[in-house]
Amino acid sequence: MTGEPAPHPDDANQSADSLPVGRGMYLSELRLKNFRSCYDTVVPLREDVTVLVGENNSGKSNVVDALRLAISPMGGRRTRYFDPGDLSFGRDGAAIEIALRFEGLTEIQRGQYLTALDVSSMTAVYGTRFEVDPARPSRSRPVNTAGPGQGPDPEPAKREEICHVYLEPLRDAQRDLDSSGSRRLATIIEDLHPPGDVTAFVEEANAQLRTIEEHDIVTTTTTEIANYLAGLTSPVRGQQMGLLFRDYKLHRLAAALRVKLSEAGIDLAVKRPGIGDCSFS
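Letter by letter, the sequence shown follows residues 726 to 1006 of my numbering.
A hint or two may mislead.
Below, simulated BS3-like cross-link-like pairs (lysine-lysine); rule was C-alpha separation at most 30 angstroms, straight line [unchecked claim]: (1) Lys785 <-> Lys974; (2) Lys758 <-> Lys974; (3) Lys883 <-> Lys758; (4) Lys785 <-> Lys758; (5) Lys883 <-> Lys785.
Read the hints as simulated data drawn from the structure, not as lab findings.
The whole structure should be built from the sequences, with the hints applied where relevant.
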């Protein structure tokens, strides 16, 4: 008997110049491109526990949601799907790319996930790509890839064996009760109308919103802020500012709509007991 730990069964099967055999696969790296605020982001993960720390709106939830999209949930029932709103701002024509790298594979796991294996490092690589079909945005579907060459996944059943467990934060319960983050109404509008009519509607709605820029409340606020800014910057380098409405996309315009139900003959515009708001969440 010695104080040395017993050798792992896999250790006897590897030569001195071979890559080490792992003790069980784990997610070691997440790569994101054109996903929300993650224009080109690499997130390294530890074998035991990884903690994401950052300020509000720094992208922590984006990382978690990307993992939920790329890996199946343990129960098999998805609650999160790709959405055109997931595309990075200003890159609507680009595709979302999510890549997962798994290290520590045992010899058995190397055989099980052979179609995804990068033999140069003995790691498994899975990817997911999503881009919007301009003709039918609501029908756009993600494509799963396997291996370092990002080819089509020939064994999707093996990928389904890699699952995640997601515990929802309490704040999501309140958010899900409201339709502001939903695209379902926008999807209905897209399915019911030709693309040209939908585009014209969005352009007209944005044009109407921009007329509010001339309202006294907006113009006087702009003037006051501009005067204060001028006092700070004019001695060195003059600056100007304005309060302008940005153009909204269809899903943002639809999110401002509420479906109301009541008995016939009751004015839906007047808030009364018994008139309920229906959300498309």
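Consistency of the hints with the structure:
Of the supplied pair hints, the one linking Lys785 and Lys974 holds, its CA atoms being roughly 24 angstroms apart against a limit of 30 angstroms. Pair hint Lys758 plus Lys974 holds up; C-alpha atoms about 21 angstroms apart against a cutoff of 30 angstroms. This hinted pair checks out: Lys883 and Lys758 have alpha carbons roughly 24 angstroms apart, not beyond 30 angstroms. Proposed proximity of Lys785 and Lys758 is supported: the alpha carbons are some 15 angstroms apart, at most 30 angstroms.
For the hint pairing Lys883 with Lys785, the CA-to-CA distance comes to about 28 angstroms; that is within 30 angstroms, so the pair holds.
No hint from the list above goes unmet by this structure.
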